[in-house]
Every structure is written in structure tokens, then in C-alpha cells.
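Peer 1: Following the hints, position chain B against chain A.
Respectively, the protein sequence lines represent chains A and B.
Following the numbering used here, the numbering of the first sequence begins with 1 at its first residue and continues without gaps.
Following the numbering used here, the numbering of the second sequence begins with 1 at its first residue and continues without gaps.
Keep in mind that the hints were calculated from the coordinates and are not lab data.
One should not assume that every hint holds.
Below, simulated EDC-like cross-link-like pairs (lysine to aspartate or glutamate); rule was C-alpha separation at most 20 Å, straight line [what the hints assert, rightly or not]: (1) A:Lys-489 to A:Asp-360; (2) A:Lys-479 to A:Glu-492; (3) A:Lys-344 to B:Glu-27; (4) A:Lys-42 to A:Glu-148; (5) A:Lys-344 to B:Asp-89; (6) A:Lys-257 to A:Glu-312; (7) A:Lys-344 to B:Asp-126; (8) A:Lys-294 to A:Glu-269; (9) A:Lys-133 to A:Glu-70.
If you're wondering where the values come from, they're calculated on a predicted model, not measured in any experiment.
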Amino acid sequence: MLAKDPIEFSGVPLPQPRRLLDVETEATTAVRDSAGRKVAEKHLAQMEARYRGLLEAAPDAMVVVNQGGEIVLLNVQAEKQFGYHRDELLGQKVTNIIPEGFAERLIADGTRTAAEALAQQIGTGIELKGRRKDGSAFPIEIMLSPLESADGILVTAAVRNISVRKDAEKHLAQMEARYRGLLEAAPDAMVVVNQCGEIVLLNVQAEKQFGYHRDELLGQKVTNIIPEGFAERLIADGIRTASEALAQQIGTGIELKGRRRDGSAFPIEIMLSPLDSVEGILVTAAIRDITARKDAEAHLVEKVEELKRSNEELEQFAYVASHDLQEPLRMVASYTQLLSRRYKGRLDSDADEFIAFAVDGASRMQRLIRDLLVYSRVGKRSLELLDVSSEDSLQQALINLRGAIEESGARVTHDPLPRVMADEIQLIQLFQNFVGNAIKYRRPGVPLVHISAARNGGVQCIFSVRDNGIGIDPQFFEKIFGMFQRLHKREEFAGTGMGLAICKKIVERHGGSISVESLPGQGSTFCFTVAGSNNKS
Amino acid sequence: MKVTGGSMDIEVLLVEDSPGDVRLTQEAFRDANSRIHLHVASDGIEAMAFLRREGEFHDAPRPNFILLDLNIPKMDGREVLARIKNDEDLKTIPTIILTTSSAEADIAQSYQLQANCYLTKPVQLDEFEGVVKSINDFWITRVKLPQQR
Numbered sequence: 001m002l003a004k005d006p007i008e009f010s011g012v013p014l015p016q017p018r019r020l021l022d023v024e025t026e027a028t029t030a031v032r033d034s035a036g037r038k039v040a041e042k043h044l045a046q047m048e049a050r051y052r053g054l055l056e057a058a059p060d061a062m063v064v065v066n067q068g069g070e071i072v073l074l075n076v077q078a079e080k081q082f083g084y085h086r087d088e089l090l091g092q093k094v095t096n097i098i099p100e101g102f103a104e105r106l107i108a109d110g111t112r113t114a115a116e117a118l119a120q121q122i123g124t125g126i127e128l129k130g131r132r133k134d135g136s137a138f139p140i141e142i143m144l145s146p147l148e149s150a151d152g153i154l155v156t157a158a159v160r161n162i163s164v165r166k167d168a169e170k171h172l173a174q175m176e177a178r179y180r181g182l183l184e185a186a187p188d189a190m191v192v193v194n195q196c197g198e199i200v201l202l203n204v205q206a207e208k209q210f211g212y213h214r215d216e217l218l219g220q221k222v223t224n225i226i227p228e229g230f231a232e233r234l235i236a237d238g239i240r241t242a243s244e245a246l247a248q249q250i251g252t253g254i255e256l257k258g259r260r261r262d263g264s265a266f267p268i269e270i271m272l273s274p275l276d277s278v279e280g281i282l283v284t285a286a287i288r289d290i291t292a293r294k295d296a297e298a299h300l301v302e303k304v305e306e307l308k309r310s311n312e313e314l315e316q317f318a319y320v321a322s323h324d325l326q327e328p329l330r331m332v333a334s335y336t337q338l339l340s341r342r343y344k345g346r347l348d349s350d351a352d353e354f355i356a357f358a359v360d361g362a363s364r365m366q367r368l369i370r371d372l373l374v375y376s377r378v379g380k381r382s383l384e385l386l387d388v389s390s391e392d393s394l395q396q397a398l399i400n401l402r403g404a405i406e407e408s409g410a411r412v413t414h415d416p417l418p419r420v421m422a423d424e425i426q427l428i429q430l431f432q433n434f435v436g437n438a439i440k441y442r443r444p445g446v447p448l449v450h451i452s453a454a455r456n457g458g459v460q461c462i463f464s465v466r467d468n469g470i471g472i473d474p475q476f477f478e479k480i481f482g483m484f485q486r487l488h489k490r491e492e493f494a495g496t497g498m499g500l501a502i503c504k505k506i507v508e509r510h511g512g513s514i515s516v517e518s519l520p521g522q523g524s525t526f527c528f529t530v531a532g533s534n535n536k537s
Numbered sequence: 001m002k003v004t005g006g007s008m009d010i011e012v013l014l015v016e017d018s019p020g021d022v023r024l025t026q027e028a029f030r031d032a033n034s035r036i037h038l039h040v041a042s043d044g045i046e047a048m049a050f051l052r053r054e055g056e057f058h059d060a061p062r063p064n065f066i067l068l069d070l071n072i073p074k075m076d077g078r079e080v081l082a083r084i085k086n087d088e089d090l091k092t093i094p095t096i097i098l099t100t101s102s103a104e105a106d107i108a109q110s111y112q113l114q115a116n117c118y119l120t121k122p123v124q125l126d127e128f129e130g131v132v133k134s135i136n137d138f139w140i141t142r143v144k145l146p147q148q149r
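In isolation and in its complexed conformation, chain A is listed as follows (with noise of 0.2 Å):
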């Protein structure tokens, strides 16, 4: 009972000991009104006794001093606390174990009776030096009471090791330099605000940033530099308490809105984290300008759509520039195949060979023209993905180059196809480059090609296109899905080299990729992927 909170708190006034004195201090006058000695004596011991186990009972070191500034009186956690044994501190000078301010502050304080010094002291906590046996010194506190007895008044002081709680103090100090010091050399402007919204701490950058001066800031409310959203968020939240809304909101960057001191808004991103102090739960917010990411991003965004616009206006050029080329070269072709129909042989063999020429120049800008056409079509028209067989298309892929397989002797097999999502003309087209071009680069023999296609794991189905062709140098890989890229002499392979170019943008188009695999003179694998359909075929 006796100090068992009180102490626990420096500077508060303790009104446990007291409440003992009074009831020491009745029993006390009862010896004294007492006559006869030996009853003295005996109550004396009695009262001790009694006394004694109240001492013993206490988590502090419990001394009584008498006047002459000797110990009567100790407890077992004082014999602990200082080192002694009993008997080596009683009728010892208190000045052993607390050399300074005990005695000067009580008894031998020349200006002041004892009991004046008493009345000044009791239940305030001192911070002294005790001294242990062994020499060394620890702070302690002590909290005095006077005891009054048949040998005038003692003085009963409860000692109390602080050492730990000076570290801790000590220790808090030097945590709070340090916190400053980190708030300080944070980038970024940093507000520590407590429970009600008030600011406690800021750093540097915070009072650049928010245009204050520090003074300005310390106490007041947060939502003066940051209108909306942090206390919402933190704190007001009414379904919430502080703590879970911390604890959501920890390590997540906010986007809000800051305000300067002239008024002026800019946005801003901030961090928060829980602080526990001695205060409660304080909230440490990293705030950073992002205007200049702000900005980016618009810009970014402006940008995307002005490039998107530009390919636009392109893909829009070239299907003009395409579809409008035709109609001159329409007539230059008409003509110049008119012209050899029926002047060939009748002129000299010069205007037979130039003729030639122009015929041969101008059917091949066509066909350049017409690929040209068909690759910006692909990505002109906006593409409605469809669930559609691949085997269908790839049926009429085969039927379109009828003409092709025949007069090569190719074998087209493949395996069951799965359905996909696709636009159904593009697929078509696509399997008809791959399976023409197999037929097209073929070697001597019969031209096999083979189609299979196997589910990517997830939603993508892997075609490929396998044939037993020239092959392709794996140097040209890159190159051959480029527009207009050839690898062949016009007299050796035919073609305006836009084959795999559309077939490459088909394919990319439907969010899928391409990709060969080959050796010269082994054939040709070409694989792409589309997505699978969810309905089973």
C-alpha cells in the first residue's frame, strides 16, 4: 500500500505516505501521553514492530534518520539498493549512502528548524545521488515524511532507484534530436500532427513548401496547409478509429491538394505513419510536391493522344495515298498492256522491249499499292473480335489459293484446329500469307505444309504454320516482317515483301505475337498466337 503508486510519477505529490504518517503520528502521541517508561518501551516496540513490517512491506528503500542525521530504521530493498548489510548503516550517518542534499536539506539546514524544512519537503519527490558500498553512485528520489517519536521527530525517506527512468529520459532526448535530425534531412516536407489535428512538429522543407514560417504552423490545425483529406482520412473518421485508419492508410501515398500561404492550391502526395508518443498516437506525414509529376503526367497524356493522332492521320495517308495512287496507275497499266496487245511485233523490237518494261513496272506498283491498301485496312478498320473456327478459315484460306496448291502439288494437313477470337477476314488472310508463302518458297519435290495449333496454358492458342521450304538465315528473322522487306531477286521469288508485315500487324492487332523459327534449306515454322475462345469447339 505504502507509495506503491505515487512514486511511479516525478513530481506528483504523494498523498499515500502521508496518510501513513497520521496514523504513525497518533500512535506516536499515544507513547508520549503515556507515564510509566516501560510501558513506553514496550508500546515503542510494539509500534516498531508494527512499523517495521510497514517498511518491509514497501517496493522502495525505506530509511528513517533521526535528527542527528543517523539511520534507526531500514528496509530490506535499501539494504539491496545500497550494498549494505543492516547493521553496517544503522547508527551510520545518512551522508553514507546520500552524501548530498539530504541532510542539507532537512536537518542541517542552518536557517530553518527541521520541521520548517519538513513541512516544505513532504510529499515532494527530490532527485538526489545515492552512493552505494562499493562507492559507485545512481540517482534516486526520495520522498521524506517525518515520523515523530518518543526520540523526537524522525524522518522516514522512501528512496527510489531512478537510474532506469533517467536512461529512459536520457534516452528520449537524444531519440527526439535524432527524429528531428531525420525529419530534417528528409526530401520531403514532413508535418507531424497529433490527435486533434494540430500540428507539433514540421521540418524545413515543410515551412519552403507551405510558405510559412515554422511559428506559424506549430499548434495549429493541419488543415490550414492541407484542407481536405488528412483528417477524414486519419482522424475524423467516424465508423473508424485513429489507429485503423492508420493502419489502412500506412505506406500508401494519398493524392490531396496542399495550400500555400498566399492561398495558392498545388497537389500533393502524402505518406503517413503512426508515432506512438508519451502524447498518444501522433501522425507523421511525408507530403511531397508532385506538381512537377502532375505536369508529366499531362504531358504524358498529351502526348499519347498527339501520337496517337499522328498514326491516325498516317494509317488515314496511307490508305488515301493508296487508294488514290490506283486510279492513275489503273490507266498507266490499262494502257501500256492496251498498247503491247496490239503493237506488239509491229513496232521495232526496242518499243516491244520498253513496252515490256512499262507493263512489268506498272502491274508491280499495283501490287504494291494493293498490299499497301490491304496493311493499312488492318489497321483502319476497328476490329470486332469474334468467336470464329480457325479451321473454317483456314478452309478458306486453302480455297483461295486453290489455284496455288494445284499447280504445285502441295499437301496442306493439319491438325483440329481450336475456335478463337478473331476478326474472321484477318484469320483468313493471315493463314493464306502463311500457307502462300510456304508454297511459294518451295524447294523441288512436293511442298508439305502443316498446320497445328496448342493451347498457351491460359487464354492464347499457339498456331503454327510448319513447311519443308528454302528456309530462312536466322540473320533476317527481324527483317522479314518489315514492310517491303524481300530476301529474294524479283526473278527468283515474285512479291512486293508486305506478306509478313500484314500478317505481323493481323497479328499484333489482335493483341497476339509472331515469330519463326528456321534454317536455310530444313523449312519453316511460323507460330502466332490469337486468343482462344471460352466455348469448347
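Peer 2: Just chain B, lined up with the frame of chain A:
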């Protein structure tokens, strides 16, 4: 050979602004059928004047059929088509769209306006000749048309 109007010449109105195409068509028809008279209007206004025998066309023949390009100056081919098919007198004349456009919208609109058929000009000369030949074979040789007034 069975010919509309007995042994009479076959009158065809070609509405086409490109001289190159006009000449190509003439050459192709000459090869296909020597009795065809190809009359040419180079824009929509002229085509309507020809059909209604207005001004310089006061003694123009009524064509057995019309070859109409969609993209022509002054009056668009679609407008010409609409006027022909809204004219009690002219609407019985088979009107064939012969154009470079293969746009779905053009095809649909032409049939909405009651074009008799829609053909795209092939890019290759021999294919173009093939188209002209099939026009001749079908619209001149095979098809029965109402008696001309």
C-alpha cells in the same frame, strides 16, 4: 444471236468523267459487240440532260441501259441514280453501277436506290475486258427488257 430490238443498234449511256476509262470502255465494248453505240456523259447534269433529251441532247436516243460511275462531278452518281429510279419514264432502263469503290456503304446505298447491279472496275486490263464482256453477254444478249417506246 438474240438481240434486243431486233437488228437495231444497241444504245448505251456511259456516265464517266475519266477519259481514260471512257476510252478503255469503248475499246472493250468494241471488242465485245460491234453493234453497241456508246454515248458518254462526263457528269451527272449532262447525264440527266441526255436522258431527258434536253438542249443539245434533244435527239438523243433512249439508252438500252446505263453504265454509271458513282464519283462524278457536278451531280453525284448516287443522285443521278435516284433521279432515274424516281422517273416513271426512265426507271425501267437497267442502270449498272461501274465504279472503283468497293465500299460497303456505296454498295448498299446503290441497291437501296434500286441500281440493277453493282460492279467494281477491275485493276487489270484483261479482267476489265472480262467484265465488259459479261455485261454484254448478260444485259444485251440474255436479258429480256420491256418494249422500248
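Peer 1: Are the hints correct? Go through all of them and say.
Peer 2: Against the structure, the hints come out as follows:
For a cut-off of 20 Å, the pair hint linking Lys-489 of chain A to Asp-360 of chain A stands: about 15 Å separates their Cα positions. With a C-alpha separation of about 19 Å, the suggested pair Lys-479 of chain A and Glu-492 of chain A falls inside the 20 Å cut-off, and the hint holds. At roughly 17 Å between alpha-carbon atoms, Lys-344 of chain A and Glu-27 of chain B fall within 20 Å of each other, so this suggested pair holds. Our distance criterion of 20 Å between C-alpha atoms is met by Lys-42 of chain A and Glu-148 of chain A, whose separation comes to about 17 Å.
Proposed proximity of Lys-344 of chain A and Asp-89 of chain B is contradicted: the alpha carbons are some 47 Å apart, above 20 Å. Distance restraint check for Lys-257 of chain A and Glu-312 of chain A: the Cα-Cα separation of roughly 37 Å exceeds the 20 Å cut-off, and the hinted pair is therefore not satisfied. Proposed proximity of Lys-344 of chain A and Asp-126 of chain B is supported: the alpha carbons are some 16 Å apart, at most 20 Å. At most 20 Å may separate the alpha-carbon atoms for a hinted pair to count; Lys-294 of chain A and Glu-269 of chain A meet this at roughly 10 Å.
A distance of roughly 16 Å separates the Cα atoms of Lys-133 of chain A and Glu-70 of chain A; the hinted pair therefore holds under the 20 Å criterion.
In summary, the structure is inconsistent with hints 5 and 6 from the numbered list given earlier, while agreeing with the others.
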